[in-house]
Structure formats: structure tokens, C-alpha cells
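Each chain, written out:
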Amino acid sequence: MTTFWFIVIAFLWTGYFVLEGFDFGVGALMPVLARGEAERRQVLRTIGPVWDGNEVWLITAIGAMFAAFPAWYAGFLSQFYLAAVMVVLGLIVRGVGLEWRGKVRARETPLVDAAIVTGSVLPAFLWGAIFGNVLFGSAFATVMGGLLSLGLALVHGAVFVALKTRGPVRARARETAWVAGVVLVPVVAFALWRMDAWPAYAAMAAYAAGVALVWAGREAWAFGCTAVTIALTTAATFLALHPEPLPGLTVESAASAPYTLTVLTWIGLIALPGVIAYQAWTYWVFRKRLTAPEVLLESRNA
Amino acid sequence: MDALDLARWQFGVTTVYHFLFVPLTIGLGVFVAGLQTAWYRTGKEHYLTLTKFFGKLFLINFAMGVVTGIVQEFQFGMNWSEYSIFVGDVFGAPLALEALLAFFLESTFLGLWIFGWDKLPKKLHLATIWAAVIGSNLSAYFILAANAWMKHPVGYEVVDGKARMTDLWAVLTNSTALAQVPHVVAGSFVVAGGFVLAVAGYRILRERDATGLIPRRRDFGDVTVPMRREAGMWRSALRGALVMTAVAGAIVALTGDMSGQLLHTQQPMKLAAAEGLRHDTAGAPFSPVPGIEVPNMLSLLAAHDPNATVQGIDDIQQRLVAQFGPGDYVPNLPIVYLSFRVMIVFGMATVGLAFLGLFLTRGRGRRARPVPTWFARLCVLALPLPIAAIISGWLLSEIGRQPWTVQGELLTAASVSPGVSLTEVAISLGLFTLVYGVLAVAEAVLLIRHVKAGPDEPMPAVVPDETERRVPTLMY
Chain A
1 MTTFWFIVIA FLWTGYFVLE GFDFGVGALM PVLARGEAER RQVLRTIGPV WDGNEVWLIT
61 AIGAMFAAFP AWYAGFLSQF YLAAVMVVLG LIVRGVGLEW RGKVRARETP LVDAAIVTGS
121 VLPAFLWGAI FGNVLFGSAF ATVMGGLLSL GLALVHGAVF VALKTRGPVR ARARETAWVA
181 GVVLVPVVAF ALWRMDAWPA YAAMAAYAAG VALVWAGREA WAFGCTAVTI ALTTAATFLA
241 LHPEPLPGLT VESAASAPYT LTVLTWIGLI ALPGVIAYQA WTYWVFRKRL TAPEVLLESR
301 NA
Chain B
1 MDALDLARWQ FGVTTVYHFL FVPLTIGLGV FVAGLQTAWY RTGKEHYLTL TKFFGKLFLI
61 NFAMGVVTGI VQEFQFGMNW SEYSIFVGDV FGAPLALEAL LAFFLESTFL GLWIFGWDKL
121 PKKLHLATIW AAVIGSNLSA YFILAANAWM KHPVGYEVVD GKARMTDLWA VLTNSTALAQ
181 VPHVVAGSFV VAGGFVLAVA GYRILRERDA TGLIPRRRDF GDVTVPMRRE AGMWRSALRG
241 ALVMTAVAGA IVALTGDMSG QLLHTQQPMK LAAAEGLRHD TAGAPFSPVP GIEVPNMLSL
301 LAAHDPNATV QGIDDIQQRL VAQFGPGDYV PNLPIVYLSF RVMIVFGMAT VGLAFLGLFL
361 TRGRGRRARP VPTWFARLCV LALPLPIAAI ISGWLLSEIG RQPWTVQGEL LTAASVSPGV
421 SLTEVAISLG LFTLVYGVLA VAEAVLLIRH VKAGPDEPMP AVVPDETERR VPTLMY
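These protein sequences, in sequence, are chains A and B.
Residue numbers for the first sequence follow our numbering, beginning at 1 and rising by one.
Residue numbers for the second sequence follow our numbering, beginning at 1 and rising by one.
These are computed hints drawn from the structure, not numbers from a lab.
Keep in mind that the hints are not guaranteed to be accurate.
Unchecked claim - The list that follows gives simulated cross-link-like pairs (lysine-lysine, PhoX-like), each with its CA atoms no further than 20 Å apart:
| id | chain 1 | residue 1 | chain 2 | residue 2 |
| --- | --- | --- | --- | --- |
| 1 | B | K123 | B | K52 |
| 2 | B | K119 | A | K288 |
| 3 | B | K123 | B | K44 |
| 4 | B | K452 | B | K52 |
| 5 | B | K122 | B | K44 |
| 6 | B | K52 | B | K162 |
| 7 | B | K44 | A | K103 |
| 8 | A | K103 | B | K162 |
Isolated chain A (complex conformation) (with noise of 0.2 Å):
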């Protein structure tokens, strides 16, 4: 039953560096994607009806966390208090300026902008910094894991972009995606190679595929790859963490009593599949290209 709840937090994390991972690096790369109002506008609407329900993965994690794992969630939040800190402040200002922007005045919006960025790239970097350090615990994988999360983030975000956008923006997002895609392959290749494991090889493959997809113009297999690379990387990581998840504690003793997990089973097995199917139904309903007048319009009648 504890490794069961282990995969399934490690399948939480997952599905939060999967789905927020192209939030992320839609929002940290919006000044480069974009020229002008109307296509900051168009990148941003990329993400504007999904990175809410993209960030409650986070929230469902750390909660699955606490009930699951007591000892594990508080000694990881407590361990890297600061990190943690620096984070949740990263999400506050991000998630306030999202919401935010399109009610502001013209001339505040580069204050926003600001904000959307920093709040983007902070905890992008920093949640690959905290597994980097628990896993190696040097200053130095501290940095690299943190390189590797925020990378393969903006990646990840550059190809949604890609994906999601007709035009100018469509074009640049593509060669954006490529071009950070191969400066980062040394941070991406070193970093995996020292996780050793299977995934993190598999995770290789899938970073290349999909590098050399999106320069081939095949956004949409190349999204699959990028997603299929933080997957893995996920994957990697709590294989790592297994069973000894923070130095000194073992999933055996951070966990809750079978009670607990056995009734969490039975919730979690009838409503996760819900929650994905009307996520899943999001995308779908959002699903069309955008184009830069056609957001500005919709901006204004909303």
C-alpha cells in the first residue's frame, strides 16, 4: 500500500511538471515569443484557461503529500523552508499577474509582465534545484537540477506555443523551441546521464526526438516528446527517491496508517479519472490555433 501511494504521488508531481512545466515556460519566455500588445496577448491566451487547473496538481500533490506521507511532506517543506518560501511567492505573483492583466491599465502592464516572468522562472528553477539537492545534495547538483528543470521547461513551453498559435509568434516559438533545445543539450544530457537510471536514458531519447521534431515542424508529436521527457525525468527522480524519499526517512515510517490510505484508494480511484476527463474536455474545447487579432477581439468583449 505505501508504494502504491508513492506512485501515485510521483504520478501527481508528474502530471504538475508535465502541465505546468509549458505554463512555466509560455509565461518566463513571453517577452521573447512576443512583439507588441496584441502577441503577448495571443501567448499568454495560450495558457489562460488551463494554468489554473494545471497548477491544482501541485496543490493535489502536496496535499496527497500530507495525508500519505506526514513525515515526508513536513520534512520537505521544512527542510527547504526558504526554497519553499521563494516558490510559493513565485506562484503568488505569477498567478495574480495572469489573472490581473487584462484589468489593468496599458501603462502598468510591463509591471505585470515583470511579474508573469519572474514568477515563472523562480519556481520552474527552484523545484528542479530541491530534487536536485535531496537526490545529490551538492551545491552543484543543486544548480544543475535546477538548469534542468527550468530547461526543459522553457523547451516545453516554446513548442506549446508552437502548437497552440498561427503567424509571427507561431514561427518564433519554433525556432525558439530548436534553437534553446540544442544550446541546452549539454545541461539536459549531463544531468540525466548522472540520475543513471533507465527513465532518465529513455528521457534522452525523447528530449532529442523532440528537438528534432519541432525544427522539422511537427509541433504536435514534438509537444508529445517534450511532455514525454519531463514525464520520465519525473519518473527518474522518484525512482531515485525510493524508499528513502529525504535522508534519513523511509517511505515505511513517513507513511500513514493502512486505514487511511486504503479510503484515500477508494476516493482517489472514483475521482481522479473524473478530474481528468473535464481537464482532458479544457483542451479540447480550446483546442483551435490563435491568432493575435482574434485573442484582442475576444480581450475586448469578454
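Add chain B to chain A, keeping to what the hints say.
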């Protein structure tokens, strides 16, 4: 000053701050959904105008509720790791359920609502806002069930120094939760009602639109555009809020009485502290302000029996020392005493305002009475009352729980993270205060600006820039 004090300050500040936004999310969301339902069923244009206007205010506020909520979920682990380890088996479950069953619903469907106006069929689009507000209200239930467990732990046993859940159903149907959930949710509707009253009151004063008999125009600089607004739009918004506040207010009073009786049996110290009752007293009096006493009233309120014995602070303290060993088991008396009174007086004033307004604006159709100017002004001035009341309610509830985090099981002093230093908490408290302060100002400015600007009118056919000219006019 040590890390424990600062951690308590941080939890208090961030939680009170979070709760400034939550009641509006809960209550205003339902109000907006109600407006959209009215538009869907009647087809009257002004309901749509109101839906979009209050919808925008709702969204400005919603963002703050969401992001400050993330802090809450992280904070148990960050600052209260000993607490988290002790309670996680029980307390974590409602939190996980809240995320899984409520937050996903809320945020996913709100995204669909915001961006789905022209993508979803009308009926389905209406369903998305209802799904979102059901999510918000469900989340209130789960988090309040978790909170109720801290005051009245049930459905658990302590094994190896940790609480272990034995009955989830007992946790979710805790008597304390069943009284607290409707009390807080209805209180949130009172806050949202007070907010709408203030906004509608302001618009009535500004547009001189008490009856809606005056045709409205709006200047766009060189062109004056007649507004297609329905007559008496703000009166109907105001009336809606009056009904909501009055009904919710009645529920608050009723469930407040239930909570009071539960305190009598479950948390006698909090009850005694709220009243400043020193010794066990049969037929205890109630003193609304020091100096005035209503005989037997407290016993009547607490036990529905004028002669019942109500326990007093000093006697409870002695019994707790005998049970748990030496220590100070008395919460901060002035705060608990005062917040109890602020909650009741301000809350009742708001509800009284609602009943007064219902009377003043009674009548339908041609007999509809206009909103008196002085009443509209009163609505604007009354805005802080329900907010102060609900915040005081929380201060009473949580400061009155001290020195326990889990009543009778775990002391606050034993709950704090041992590995987090004073410096670290000082840094985080400083950062939170800074960011929260800036955001509070920003939120207030945004809300005031949008209330002042009023609803968007149908746009005059002006093409403002290059990019838009390429859109076929058909799309307007």
C-alpha cells in the same frame, strides 16, 4: 521573541489575509452564477451586463484567494512540521480531498467560464460557473472539517505519539464541522452581500439611478452614446444582495447559536474566555458590555437552560492543570472577549441593514419603491462591517483555541518546526508582509477602478488600431 512566536504571527497574518478574499469568492461566485441564470432564463440584457460587471470584480478577487491559499497548504509543513507529523494521518485527508474534489472543479471550470463565452453553448457555459462555485463551496466544507477537527478531534486514536484516523466519516460529519460549515459559508454570503450592497449603492449614487427612470447617456469624448441599459438595473442588483444577506444572516444567527452550545460542551475555555466568566456559575449572566448584565442569559444561550452551570476560566485552568500537568491553558482574554463582541455587533448590524433595505425598497413593477439616497450611502459606508465581523469570528475561534493546536492532544508550542530558525521565519514573514501589502493595495485599486468605471457598454463602432481592421466587420 523566538521562532515559535514569529511562526504564529506568520500563520495568523497569512491566514487572516487569505480570508479577506475567500468569503467574496464563495458568496460573490454564487451571486454571479445567479445573475447569469437570471439572464439565461429571462433573456433580459441587464442581467448579462450585471453578470459581466460583477464577474469581473469576482475574478479580480478570486486570483488573490487562490494564490494566498497555496501558502496555507504549504505552511503546515514549512512552519508546523511537528503538528503535520502528528495530525497528517487524519488532517491530511480532508486537505487532499479538498484539492482533488473541489479545487480541480473550481479552477478548471472557472477557466472554461472566463474564456468560454463564445465557445460553449449558453446552457453549458452557465453550467461551468455553477460547477466552479460548487467547487468553491465544497472546498469550504473540507477545509472547515479539517479545522473543526483541531477544536474537537473525533474518529481517531493516538498510536506511537501520532494521531491515526479510525473513521473518515466521523471526521467529515464532526458535530463541530456541521455547525461551523454553514456558519462560515453563510457568513461568507453576508460578506459578499455587503460587498454587492456597497457597489450597487455607489452606482446608484453616481448614476442617480434609484428608479432607473432617467434615460442614460455616456460620453466617449466626441460622441455621446445612448446606453441600452435596462431601467433600475442597480436596484435589482441591490435587491438581490439584500435578499442574499438577509437569508444568509438568519442562517448565521441560527448556526452561531448551535456553535455556542457546542462550545459549552466541547470547548468550555473558549466560551468562558469570550464572556470573561471567571468561575463556574449556575444561571450565568451575559454581559454585552462590561457593567451591564442580563441575568441567566449566558446559561440560556449556552445550554438552552437558564439554570445550567457554565464553567469559568479559573476553574477550567485548575482542572486542565490536574489533567495535563502544569501550564497556562488560558487564551488571550482581551482579544477573545473583544472579537466575540465585534463579530456579533457588526454581523447583526449588516443583517439589520439588509432587512431595513428590503422594507425600504419593497414593491414590484409600478409600485416599486426607489432606493433612498441616504440608504445607498449607508450601504457604501457599511462595507467594512461584515468583513470585520467575519475576521473577528476567526480570531475568536482560533485564538480562543490556544494554547492548543489540537484541543486536548497537542500544544501549539509542541507543533512548530524544530529545524526552522528564527532568521528563516523572520525572512519569510518579512517577504510575505511586503508582497501581501503591495498586492492588497493593487487589489483595492483595481476593484475601486472597475466599480468607478461601471459596466462596459456596447462598444461604439470605432476601430482603434491596425491589427483589428483586418477582422471582418461581420464579427462584431
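Structure-based check of each hint:
1. B:K123 with B:K52: OK: K123 (chain B) and K52 (chain B) at ~16 Å, within 20 Å.
2. B:K119 with A:K288: holds (10 Å)
3. B:K123 with B:K44: holds (15 Å)
4. B:K452 with B:K52: holds (15 Å)
5. B:K122 with B:K44: holds (14 Å)
6. B:K52 with B:K162: violated (49 Å)
7. B:K44 with A:K103: With Cα atoms ~26 Å apart, K44 (chain B) and K103 (chain A) exceed 20 Å; violated.
8. A:K103 with B:K162: Answer violated: K103 (chain A) to K162 (chain B) is near 48 Å, above 20 Å.
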